[in-house]
Every structure is written in structure tokens, then in C-alpha cells.
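> What follows is the residue order along each chain.
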Amino acid sequence: MFPTPIARVSAPVRVGYKVLLPVALVVWLLPLLAVMLTSIRSQGDIAAGNYWGWPTEFNLLDNYSAVFERSPIGQYILNSFKVTIPTVIGAVALSCLTGYALAVYRFRGNLFVFFMFVAGNFVPFQILMVPVRDLTLDIGLYDTTLGLVLFHVAFQTGFCTLFMRNFIRALPFELIEAARVEGVSEWQIFTRVVLPLVRPAIAALSVLVFTFIWNDYFWATVLAQSSTVQPVTAGLYALNGQWIAQWHLVSAGSIVAALPPVLMFFMMQKHFIAGLTLGATKG
Amino acid sequence: MTTAALPTAHAPRARRRRGPKWLAPALFLAPGVFMFVVYVIAPIFESIWISFYDWDGLGPMTFIGAANYVELFDDEAFYTALENNVVWLLLYMLAVPGGLFVALFLNQTVFGIRLVKSLFFFPFVISQVVVGLVFAWFYDPSFGILAMIFEAFGMKPIAILADEDYVTYGIIAAGLWPQTAYCMILYLTGLNAISPDQIEAGRLDGAKGWRMLWHVVLPQLRPATFIAVVVTVIGALRSFDLVSIMTDGGPYGSSRVLAFYMYEQALSEYGYRMGYGAAIAVVLFAIMMVYISFFITRMISNERGGR
Chain E
0 MFPTPIARVS APVRVGYKVL LPVALVVWLL PLLAVMLTSI RSQGDIAAGN
50 YWGWPTEFNL LDNYSAVFER SPIGQYILNS FKVTIPTVIG AVALSCLTGY
100 ALAVYRFRGN LFVFFMFVAG NFVPFQILMV PVRDLTLDIG LYDTTLGLVL
150 FHVAFQTGFC TLFMRNFIRA LPFELIEAAR VEGVSEWQIF TRVVLPLVRP
200 AIAALSVLVF TFIWNDYFWA TVLAQSSTVQ PVTAGLYALN GQWIAQWHLV
250 SAGSIVAALP PVLMFFMMQK HFIAGLTLGA TKG
Chain H
0 MTTAALPTAH APRARRRRGP KWLAPALFLA PGVFMFVVYV IAPIFESIWI
50 SFYDWDGLGP MTFIGAANYV ELFDDEAFYT ALENNVVWLL LYMLAVPGGL
100 FVALFLNQTV FGIRLVKSLF FFPFVISQVV VGLVFAWFYD PSFGILAMIF
150 EAFGMKPIAI LADEDYVTYG IIAAGLWPQT AYCMILYLTG LNAISPDQIE
200 AGRLDGAKGW RMLWHVVLPQ LRPATFIAVV VTVIGALRSF DLVSIMTDGG
250 PYGSSRVLAF YMYEQALSEY GYRMGYGAAI AVVLFAIMMV YISFFITRMI
300 SNERGGR
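Residue numbers (numbering that gives the first Met the number 0), protein chains in the order written: chain E, 0 to 282; chain H, 0 to 306.
Everything labelled a hint here was simulated from the structure, so no lab data went into it. Take the hints with a grain of salt, since some may be wrong.
Lysine to any residue pairs mimicking SDA-like chemistry, simulated, CA-CA at most 20 Å apart [claimed, not checked]:
| hint | chain 1 | residue 1 | chain 2 | residue 2 |
| --- | --- | --- | --- | --- |
| 1 | H | K20 | E | V180 |
| 2 | E | K269 | E | R107 |
| 3 | H | K207 | E | I84 |
| 4 | H | K20 | E | R107 |
| 5 | E | K81 | E | A65 |
| 6 | E | K81 | E | A92 |
| 7 | H | K20 | E | G108 |
| 8 | H | K20 | E | F172 |
| 9 | E | K269 | H | S117 |
| 10 | H | K116 | E | V25 |
| 11 | E | K269 | E | L140 |
| 12 | H | K116 | E | V261 |
| 13 | H | K116 | E | F265 |
| 14 | H | K116 | E | V22 |
| 15 | H | K116 | H | F104 |
| 16 | H | K20 | E | R13 |
| 17 | H | K207 | E | P2 |
| 18 | E | K17 | E | M0 |
| 19 | H | K116 | E | L20 |
| 20 | H | K20 | E | V183 |
| 21 | H | K207 | H | F100 |
| 22 | E | K81 | E | T143 |
| 23 | E | K269 | H | T108 |
| 24 | H | K116 | E | V14 |
| 25 | H | K207 | H | I193 |
| 26 | E | K17 | H | L203 |
| 27 | E | K269 | E | V180 |
| 28 | H | K116 | E | R107 |
| 29 | H | K116 | E | G108 |
| 30 | H | K116 | E | M266 |
| 31 | E | K269 | H | K20 |
| 32 | H | K207 | H | Q219 |
| 33 | H | K20 | H | P30 |
| 34 | H | K155 | E | W51 |
| 35 | H | K116 | E | R13 |
| 36 | H | K155 | E | Y50 |
| 37 | H | K116 | H | A192 |
| 38 | E | K81 | E | F172 |
Chain E extracted, bound-state conformation (with noise of 0.2 Å):
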């Protein structure tokens, strides 16, 4: 193990990593303990500019409620989770089908289709930017919910791709030969033999593309206008405009619309960093 491990080290030392490591996590998320202080501090407090000492009094109830009330950032929440879900259900099962595709059949071309996987995943959306609007307005799709859908399951279909392929090329292939012989179509090997095995890639690239998909703010500006359907990200620039100087606001609408991808990561956080660790040690 490198670095030396802190139990064969002097004791000083060993002190020392143990007091620093807390501290060191505390500096790291100043930016977000800060954060969850204000939204709890009172108006008085934000008026009077106590921004960083302790908060007079504790507001937790009064501004969370707040921020429900008097804005729509419910709607905008759910107006994300209207996009994010159906889109990680429509990526991971195109995913499936391409990704066995391409690790179990060999025929021409099928590097090609792989790299155009893998190299339209990594193009700025800048690119894409023009015409996606165009073609989504001209199929009667712009600020809808569904407009959003289909542009990002087909975008994170790329990423997915590579993933699932790669995942059930490491899969022993005596299991689909062996089932080929017994006459198993391929249709029941794909659904019977490869899908259960896949299970970890599936949870893997769904913590993963619920979170890009949640974050996701430059789609959500470019593809929606109307808040009935702008999702949590382009809903939170909008009020911070309408919210000047009412940071105890503005901090408990942000601790909201990060939640959700932040339950996420911590339910599945194994496949969470298996997902995107994906190749970091091989390859």
C-alpha cells in the first residue's frame, strides 16, 4: 500500500493525520457547510450580514417551507424528475441491446460502430446545439418534456454503450456459446443469459446518468423555456434572479435541487465509482 500505511509510522505522525484529516475534510466542504448554515439562518441575520458567524436563530422549518411556498421550485423538481427517469430507463435499455450487440457479434464495422460510440460521447455540445433545436422544434417537440427525453437518452446511449459493451466482453463467453449450442435464440440468450448478469452495469449507469441528467443545465436552457417544464437547475438560475440578496433562500433552494442526486450517490455509491471509474485501472 502506498502511501505507507498510518498504523507503521511513528506516533507524532499518526496524531497528526488523525487531527488533520477531519480539518482538512472540513476546508474541503467549506463551501457547502456554509451553505447549509445560510439556509437556515433568519432574514434578520442575512440583513444584519451575519453571512459566516454562528446564526442567531435557526430557521430550518421557516425557510425550507419558504422556498415551497413561495416559489415553484416543487414543480421544477418534478419537472426533473419527469426528464431524469425516463431518460435513464431509455439509455440503459438502448445501452443493453447495442452493448451486446457489439461485444458478442463479430461482423464488419463493428469497431466503427463502437468508436462512433465513443467519440460522438466526447463532442462539445456546441455542436449538436443548433441543429438539435432545429429538428426539435420542427417535430413540435421544443419545451416539452419529451423533447428533452429523447436528445438525452440518444447523447448518454454513447457513454452507455461503451460501458455495457465493455462490461459483457469481460464476461465468460463459454456461457452464450454454450447456450447457442443448446439452440437458446439469440433473443433469449440476450434476455435470459446476459441480461441478469449484467445487473451491475445497469445500477452502475443508472446512479450515473440520473446524476448527469439532474446536473444537466445547458439542454435545459437550449430545449425548455416555460417553467412547467425547465428542469431543477435552470428553475434555481431563474430564482436566484428573482431572490437578490435573500441568500437564506437561495442556499435552501440549492441544498434542495442537489439532494436528490446526493441520496443517489450515497444508496448506490459502490457502483456509483464503479461506473466512473471504469477503466482507471486497466486498459
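Following the hints, complete the assembly by docking chain H onto the known chain E.
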């Protein structure tokens, strides 16, 4: 292996029932490839095509050849954005050594370390909109924590986000926070996979600290470093959210990056110049292509090495 070799006699019959050999993969690929081509691949070419036109997004398109690109050459705002992109690219790279440093710091087994690691990863999970709002508030010259630090040292606070010279650095600092967390998690995974034998062998040879890191650990962390560099380059060139949230490109357009300038030209109150915007996007795409090709070439050589 034995199961696969045994019943060769059945193979022809099985194949006949399956239809032509290309059919199955084609059916499996069709929906995904269709969506991806329609929404990602085709738009790239369409954008290149639009960049040769003068178009407001609604009316007729007028072919103007390379006039959009010629205009770019004389557009000072374009150079500002390009320059800022270079600054982003260079400074964003700090996330790679930064992430390695944090990962080395956290790669211990003490009580609660798992929770600490995931809390360190937090900034990456939250939206850049939130990160941008938080940092904008940090930098506020009248009540931000930065102003308080300046005052504590008896200096006059600088309004980072209102100062043409500092604004880009201020935004990049905000971006480095989540990006460092991302690189950290890549390195933590990499460190986990390092072979303990080699570390022990290095220790026996008397390698310690820096020498050990440089000669034994870093070579083994190569895959992690590669991915960290790739995601950081892409993150730097994609920078849009933070600029839009924190400054909206200002003051006087001094914090624009190509991604943001493109959006501004094509889709904002400054007008709907789709052709010109597309030309900016093509330039950004060309820059990105250098890295994409590099990445793909490496992946292809790995594929050849594999199965």
C-alpha cells in the same frame, strides 16, 4: 471450451433457424444507432454545413461561403474566448495532480475513512449551477468569505467576478473544486489496484517518498492518469455552466469561453446568428477532435492488444 467444441454437428441447423448472420446484430443495434445518428452524428455535419450560411434560425438561409470564418478572424470577442479556453485548459490540468495529492492523503485505513472519502467526492455529485452560485457568493466583495479574508489581512477586497483580469481565474477555481474530486476518485481506484509486491520490492530497494511515487507508483497509475487527463480536458473545453451562472460572460465579455460565446451568438438577446454560432462551434469541435482522436487511437491499439 469443451462444450463449445463438442456438438459441431448441430451448428448448421441452428444457424438456418437464426436467419442470416448479420440479422441479429443489426436488429440489436438498430434502435440505439438510429437515435445516436439522428441526435448526435448527423447534427455534427449539419452544424458544419450551417456554418457556411447566414441564418437567423427562422428565415431563409443564405450561402456565404467562408464569410463566417473570415469574420471570426477579426472578431476580438472570439480571440478573448479562445484565449480563455487556453487558460481553462492549462489551469484545469491542476485537477490531475491535485486529485492525486488528495487521493494519496486519503489512501489510509483509519476509522471512518470510507465516509471521509465519499464526503470528499461530494462536490462532483452536485450540480455546477449550485457550485457556481456558491462560489459567486464566496467571491462577493461586500460579504463573501474572500472579502473577509482580505480584510483580515488589512487589504481592500477585490471584486473577483467584476474584474476583467481575475474573473476567469475565479471561475476556474470554482470548476477545479468538483474536477479535483473526480480525479481523486480515479486515483483512489487506481491506488487500490496497485500491486503490493512491487511496493514492497521498492521498499526493500530503499525507495521512499518521492522516489517511490515517481518510479514505482506513478507508472502503475498510468491508466488512471490517462482517464483523469481525458475527462479534465473535456471538462475544460465544455465549460459553459459556470460561466453562464457566475458572470454570464461578463464583465464586458471578458470571461467568455468558446462554448459560451457560441451560445450567446446563436441563441440569446444578442441575436440569433445561427451560422456564426455554428462556425464558433466548429472551431471548438476541431480543438476537441485533436483530443478525441488521441483518445480513440489509444483505445484502438488497446483493442488490438486484447481479444
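> Next step is simple, just say for each hint if it's right about the structure.
A quick look at each hint next to the structure:
1. Proximity of K20/H to V180/E is assessed by CA-CA distance (about 16 Å); at most 20 Å being required, the pair is judged to hold.
2. For the hint linking K269/E to R107/E, the alpha-carbon distance of about 36 Å lies beyond 20 Å, and the restraint is violated.
3. At most 20 Å may separate the alpha-carbon atoms for a hinted pair to count; K207/H and I84/E exceed this at roughly 49 Å.
4. Restraint check: the Cα-Cα separation between K20/H and R107/E comes to about 11 Å, which is no more than 20 Å; the hinted pair holds.
5. In summary, the hint linking K81/E to A65/E is not supported, as the alpha carbons are separated by about 24 Å, beyond the 20 Å threshold.
6. For the given pair, K81/E sits about 17 Å from A92/E by alpha-carbon distance, which is consistent with the 20 Å threshold.
7. Taking the CA atoms of K20/H and G108/E, the gap is about 14 Å. The hint holds against a cut of 20 Å.
8. Annotation: proposed proximity of K20/H to F172/E holds, straight-line Cα distance about 18 Å (limit 20 Å).
9. This hinted pair checks out: K269/E and S117/H have alpha carbons roughly 10 Å apart, not beyond 20 Å.
10. For the proposed pair K116/H and V25/E, the alpha carbon gap of about 13 Å is at most 20 Å, so the pair holds.
11. For the hint pairing K269/E with L140/E, the CA-to-CA distance comes to about 37 Å; that exceeds 20 Å, so the pair is violated.
12. For a cut-off of 20 Å, the pair hint linking K116/H to V261/E stands: about 14 Å separates their Cα positions.
13. Between K116/H and F265/E the alpha-carbon distance is near 12 Å, which keeps this suggested pair within the 20 Å criterion.
14. Pair hint K116/H plus V22/E holds up; C-alpha atoms about 14 Å apart against a cutoff of 20 Å.
15. This hinted pair checks out: K116/H and F104/H have alpha carbons roughly 10 Å apart, not beyond 20 Å.
16. Of the supplied pair hints, the one linking K20/H and R13/E is violated, its CA atoms being roughly 63 Å apart against a limit of 20 Å.
17. Note on K207/H and P2/E: the hinted pairing holds, with a Cα-Cα distance of about 9 Å set against a maximum of 20 Å.
18. Pair hint K17/E plus M0/E holds up; C-alpha atoms about 18 Å apart against a cutoff of 20 Å.
19. Distance hint between K116/H and L20/E is fulfilled; the C-alpha atoms sit about 10 Å from each other, no more than 20 Å.
20. Distance hint between K20/H and V183/E is fulfilled; the C-alpha atoms sit about 15 Å from each other, no more than 20 Å.
21. A hinted pair counts as satisfied when its Cα atoms are at most 20 Å apart, and K207/H with F100/H qualifies at roughly 16 Å.
22. Pair hint K81/E plus T143/E holds up; C-alpha atoms about 11 Å apart against a cutoff of 20 Å.
23. The hinted pair formed by K269/E and T108/H meets the criterion: a straight-line CA distance of about 18 Å does not exceed 20 Å.
24. Distance check on the hinted pair: K116/H and V14/E sit about 19 Å apart at the alpha-carbon level, within 20 Å; holds.
25. Distance restraint check for K207/H and I193/H: the Cα-Cα separation of roughly 16 Å lies within the 20 Å cut-off, and the hinted pair is therefore satisfied.
26. At most 20 Å may separate the alpha-carbon atoms for a hinted pair to count; K17/E and L203/H exceed this at roughly 28 Å.
27. Between K269/E and V180/E, the direct Cα distance comes to roughly 36 Å. Violation of the 20 Å bound is thereby established for this hinted pair.
28. About 44 Å separates the Cα atoms of K116/H and R107/E, which puts this hinted pair outside 20 Å; it is violated.
29. About 42 Å separates the Cα atoms of K116/H and G108/E, which puts this hinted pair outside 20 Å; it is violated.
30. In summary, the hint linking K116/H to M266/E is supported, as the alpha carbons are separated by about 15 Å, within the 20 Å threshold.
31. Distance restraint check for K269/E and K20/H: the Cα-Cα separation of roughly 38 Å exceeds the 20 Å cut-off, and the hinted pair is therefore not satisfied.
32. Note on K207/H and Q219/H: the hinted pairing holds, with a Cα-Cα distance of about 16 Å set against a maximum of 20 Å.
33. Simply put, K20/H and P30/H have alpha-carbon atoms about 19 Å apart, close enough for the 20 Å limit, and the pair holds.
34. Taken as a hint, the K155/H and W51/E pair is honoured in the structure, with Cα atoms around 19 Å apart against an allowance of 20 Å.
35. At roughly 18 Å between alpha-carbon atoms, K116/H and R13/E fall within 20 Å of each other, so this suggested pair holds.
36. Among the hinted pairs, K155/H with Y50/E is consistent with the structure: their alpha-carbon atoms are about 19 Å apart, no more than 20 Å.
37. The straight-line distance between the Cα atoms of K116/H and A192/H is roughly 17 Å, inside the 20 Å bound, and the hint therefore holds.
38. Pair hint K81/E plus F172/E does not hold up; C-alpha atoms about 38 Å apart against a cutoff of 20 Å.
Of the hints listed earlier, those the structure fails to meet are numbers 2, 3, 5, 11, 16, 26, 27, 28, 29, 31, 38, in rising order.
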